[in-house]
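Participant: Make the full structure from the sequences, and use the hints.
Number of protein chains: 4
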Amino acid sequence: MIQVTVWNEYRHEKTDEAVRKVYPEGIHQQIAAFLKEDNFTVRTATLDEPEHGLTKEVLSDTDVLIWWGHVAHQEVSDEIVERVHQRVLEGMGLVVLHSGHMSKIFMKLMGTSCDLKWREASENCRIWSVNPSHQIVEGIGEYIELEKEEMYGEHFDIPAPDELIFISWYPGGEVFRSGCTYRRGNGKIFYFQPGHETYPSYYNKDVQKVIKNSIRWCCPTRNVYPKYGHHEPLEKLGGIEA
Amino acid sequence: MIQVTVWNEYRHEKTDEAVRKVYPEGIHQQIAAFLKEDNFTVRTATLDEPEHGLTKEVLSDTDVLIWWGHVAHQEVSDEIVERVHQRVLEGMGLVVLHSGHMSKIFMKLMGTSCDLKWREASENCRIWSVNPSHQIVEGIGEYIELEKEEMYGEHFDIPAPDELIFISWYPGGEVFRSGCTYRRGNGKIFYFQPGHETYPSYYNKDVQKVIKNSIRWCCPTRNVYPKYGHHEPLEKLGGIEA
Amino acid sequence: MIQVTVWNEYRHEKTDEAVRKVYPEGIHQQIAAFLKEDNFTVRTATLDEPEHGLTKEVLSDTDVLIWWGHVAHQEVSDEIVERVHQRVLEGMGLVVLHSGHMSKIFMKLMGTSCDLKWREASENCRIWSVNPSHQIVEGIGEYIELEKEEMYGEHFDIPAPDELIFISWYPGGEVFRSGCTYRRGNGKIFYFQPGHETYPSYYNKDVQKVIKNSIRWCCPTRNVYPKYGHHEPLEKLGGIEA
Amino acid sequence: MIQVTVWNEYRHEKTDEAVRKVYPEGIHQQIAAFLKEDNFTVRTATLDEPEHGLTKEVLSDTDVLIWWGHVAHQEVSDEIVERVHQRVLEGMGLVVLHSGHMSKIFMKLMGTSCDLKWREASENCRIWSVNPSHQIVEGIGEYIELEKEEMYGEHFDIPAPDELIFISWYPGGEVFRSGCTYRRGNGKIFYFQPGHETYPSYYNKDVQKVIKNSIRWCCPTRNVYPKYGHHEPLEKLGGIEA
Chain A
1 MIQVTVWNEY
11 RHEKTDEAVR
21 KVYPEGIHQQ
31 IAAFLKEDNF
41 TVRTATLDEP
51 EHGLTKEVLS
61 DTDVLIWWGH
71 VAHQEVSDEI
81 VERVHQRVLE
91 GMGLVVLHSG
101 HMSKIFMKLM
111 GTSCDLKWRE
121 ASENCRIWSV
131 NPSHQIVEGI
141 GEYIELEKEE
151 MYGEHFDIPA
161 PDELIFISWY
171 PGGEVFRSGC
181 TYRRGNGKIF
191 YFQPGHETYP
201 SYYNKDVQKV
211 IKNSIRWCCP
221 TRNVYPKYGH
231 HEPLEKLGGI
241 EA
Chain B
1001 MIQVTVWNEY
1011 RHEKTDEAVR
1021 KVYPEGIHQQ
1031 IAAFLKEDNF
1041 TVRTATLDEP
1051 EHGLTKEVLS
1061 DTDVLIWWGH
1071 VAHQEVSDEI
1081 VERVHQRVLE
1091 GMGLVVLHSG
1101 HMSKIFMKLM
1111 GTSCDLKWRE
1121 ASENCRIWSV
1131 NPSHQIVEGI
1141 GEYIELEKEE
1151 MYGEHFDIPA
1161 PDELIFISWY
1171 PGGEVFRSGC
1181 TYRRGNGKIF
1191 YFQPGHETYP
1201 SYYNKDVQKV
1211 IKNSIRWCCP
1221 TRNVYPKYGH
1231 HEPLEKLGGI
1241 EA
Chain C
2001 MIQVTVWNEY
2011 RHEKTDEAVR
2021 KVYPEGIHQQ
2031 IAAFLKEDNF
2041 TVRTATLDEP
2051 EHGLTKEVLS
2061 DTDVLIWWGH
2071 VAHQEVSDEI
2081 VERVHQRVLE
2091 GMGLVVLHSG
2101 HMSKIFMKLM
2111 GTSCDLKWRE
2121 ASENCRIWSV
2131 NPSHQIVEGI
2141 GEYIELEKEE
2151 MYGEHFDIPA
2161 PDELIFISWY
2171 PGGEVFRSGC
2181 TYRRGNGKIF
2191 YFQPGHETYP
2201 SYYNKDVQKV
2211 IKNSIRWCCP
2221 TRNVYPKYGH
2231 HEPLEKLGGI
2241 EA
Chain D
3001 MIQVTVWNEY
3011 RHEKTDEAVR
3021 KVYPEGIHQQ
3031 IAAFLKEDNF
3041 TVRTATLDEP
3051 EHGLTKEVLS
3061 DTDVLIWWGH
3071 VAHQEVSDEI
3081 VERVHQRVLE
3091 GMGLVVLHSG
3101 HMSKIFMKLM
3111 GTSCDLKWRE
3121 ASENCRIWSV
3131 NPSHQIVEGI
3141 GEYIELEKEE
3151 MYGEHFDIPA
3161 PDELIFISWY
3171 PGGEVFRSGC
3181 TYRRGNGKIF
3191 YFQPGHETYP
3201 SYYNKDVQKV
3211 IKNSIRWCCP
3221 TRNVYPKYGH
3231 HEPLEKLGGI
3241 EA
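Residue numbers (the working numbering), protein chains in the order written: chain A, 1 to 242; chain B, 1001 to 1242; chain C, 2001 to 2242; chain D, 3001 to 3242.
Source of the hints: derived by calculation from the structure; they are not laboratory data.
Where is the CB? At the ideal position from N, CA and C, for every residue including glycine.
Wrong hints could be hidden among the right ones.
Said to hold, decoys possible - Using 16 Å as the maximum straight-line C-alpha spacing, the simulated EDC-like pairs for lysine to aspartate or glutamate come out as follows: (1) A/LYS108 - A/ASP78; (2) B/LYS1236 - C/GLU2123; (3) C/LYS2104 - B/GLU1147; (4) B/LYS1148 - A/GLU235; (5) A/LYS236 - D/GLU3120.
As the list claims (entries may be wrong) - Computed from the model, here is a short list of chain D residues facing chain B with C-beta under 7 Å: (6) VAL3130; (7) ILE3167; (8) ASP3206; (9) TRP3217; (10) CYS3219.
Stated by the list, open to error - Covered stretches of chain D (in silico footprint by chain B; criterion: 3 or more residues with CB under 8 Å from a CB of chain B, positions within the stretch not fixed): (11) 3122 to 3129; (12) 3136 to 3142; (13) 3172 to 3183.
Facilitator: Pasting the structure below:
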């Protein structure tokens, strides 16, 4: 059973009626709810819990961490970011959703500004799969249609993804690399664009399927963690047995 | 259950005593034998069978095709190559082993000469994993040691792999990109260097593990095959409803 | 001085009044005209010339070949395709334009079907740069606007590009990876989408700039061509001097 | 004229006789010396200068920054690292040499530990080109031989390079991805392994050629810096003119 921790900033839902209407229990609870339909073991964690709910115990018991944040990126403590970063390098999977693109953890893993163009205009959005053989698009058609989503547009200041999975189309004339995989250390990372807090994207069956597929994709395998540092030769050097 | 077809040229084994000593039933039978230890459904096919054993029925019933060839690449009929190529684009996985790098099917999928440096000198070889989070190296240590393997050296004239998995070291002073993944159409391809016909590489447990992992990696998922050709607009064009 | 050969099928222009109106001398002459404004040495070649204008002499004297074809891909002889392919592997640059995506030479270099969705509907098109540091987008703004261009839509059945340069947006709701670089052998390849025969895309200053930049990018450098085949060890093997 | 700033930690040379013998004026001066043979404008900067010699003026006047550091990575101030990072995202090229792999600036740009295996044993080293068409290997043969170099071995904990240029071979049995390109923001980065402080690698003509080529490769072009933030639609939304 894959151990998933769904992390949510959980601020909009407390202060904004429009958000509460869509996600009365918080975005994390809605994500947890659809994950529980499959055989994932799910727990949640939020910013205002001690250690943001991401204690060493929780993280060492997490196979895949899901991250949603927006207005309070700066309130996430550097110590916890460091801890999550270390766990990703050790092998924990990370799924970064929507406005998580400017979270400290994603920026630290990418090394770039992760900035982009954006607009809230209740536009529709079409998320095209450009990687038809990828496990992450299994069971999805050629594209996902969302009636309303925030526009995120290029240039998206990220490293070229290891694998580009989705490109989004917006009626205002923009495109966006909306599904991207990365490997960092022993860990796998998936960025996925949908999920503005006032639109019901996490109720969409295709969005749910992508998130579930991506958890299976970035779940750690029983791989050996490399050894670093001083290293004795494996072969004879200069005629002297190694 | 994943349906695997192991294709072998099966010529060296019939004419060369040194090869028969290592693979008395043929390379394909040794590969089939270790695959059967896991839950794969395995069948074999060889060059001298009608249609090289790769009838439309066999191929349409194959999830992953394994390819070993060497001296008789030119005897593989273009029609069968075309058929295998089509199946890969449709989603069939393909694992190309050792001297299969210059098979018609691999060259057709790569678009390059696939040429390299080589030497048979009973050298040892060390196959380093450079992609520690990848499913293909699950259960493997930091490297695989083979007491004897043919040297394959750079430059290897392939497209930059989508993912580089292994780099090999040879005592004569050469290196080689010995494990490479590619996506082509809906299909996934893995090239893996070990397997010279006079050395017992396919008895090596780590080599076996890599081949098994790679079959699971390139096995088709239930993905939608894209539609190509004329396409009606999904949005209103110029004020006229689409 | 970079030696450029502009190859054009040159059929539409002879039979279709709408095309002749846009390109009275042929697409190749318009491309040659704007290239001559810069310091390129330009020659043209067309399908109906002997050897399609691509003799060994012409090709060995060409640094970068530009390719435009559409209705007559099948009339290009396999021998000439083989010759061009060999020259690309040796180092000649290749810029494939618009409907050249299904030319024999591009398909041979890619190894996939190169198929896509398409529609002629006099739509506008916006070509977004997603690789702001790349030499190919030098002097271009964030996007190129074309008043009219044929829609080419995903899925585009190509290998993942080595570098993705442009993504196009179409009003009908589609996106397209419209600028892609590849390295094959010693050669560099750039695919660029604009250029439907009835629209004046090759009169657009930004399109011209991209083609000029891409010629400079894929022009061969004085690189050593690797040696392939049997290779003596560079180090002592088993105690015996190499 | 390309403006190059060569940054060196410049500590080993002051305290270690063996290093001073090889680089009496410091590693930076030897690098500056061979760069001046070509038409680069070269300046140097070192750790112990005010602001490490990397004032805003110096950086804004630098096209390409070369970085050599080792024992004093932690003494580089976070503020200067931030400043260099910002300049790279804006477009400044960065060439990171040898032990610079664990400099703050490289780690920040990579997002990983950048750790590796190492050994000082006066071994020889062979640096194989695996990207024969790349501008960075222009004028280099198939490999570079160094009589003595520190061993750096896999796993090297870096993101998969955008382009892999070199793989090194060491007699002790290791391999290493020793030449790697990355794009981050508007900037280009090249990592190159040779340059242990007690070996004369920066006197080697091929090493010098690679560094010169890489400066030309990562030199900024006159590209437009993308705009980020709120963005008005470029097309009519919902029937209302944009």
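Participant: Does each hint fit the structure? Answer for all of them.
Facilitator: The hints, checked one at a time:
no., hint, in the structure
1, A/LYS108 - A/ASP78, "11 Å, holds"
2, B/LYS1236 - C/GLU2123, "11 Å, holds"
3, C/LYS2104 - B/GLU1147, "44 Å, violated"
4, B/LYS1148 - A/GLU235, "15 Å, holds"
5, A/LYS236 - D/GLU3120, "15 Å, holds"
6, VAL3130, "5 Å, holds"
7, ILE3167, "5 Å, holds"
8, ASP3206, "16 Å, violated"
9, TRP3217, "16 Å, violated"
10, CYS3219, "23 Å, violated"
11, 3122 to 3129, "holds (count 3)"
12, 3136 to 3142, "violated (count 1)"
13, 3172 to 3183, "holds (count 4)"
When each numbered hint is compared with the structure, violations occur for hints 3, 8, 9, 10 and 12.
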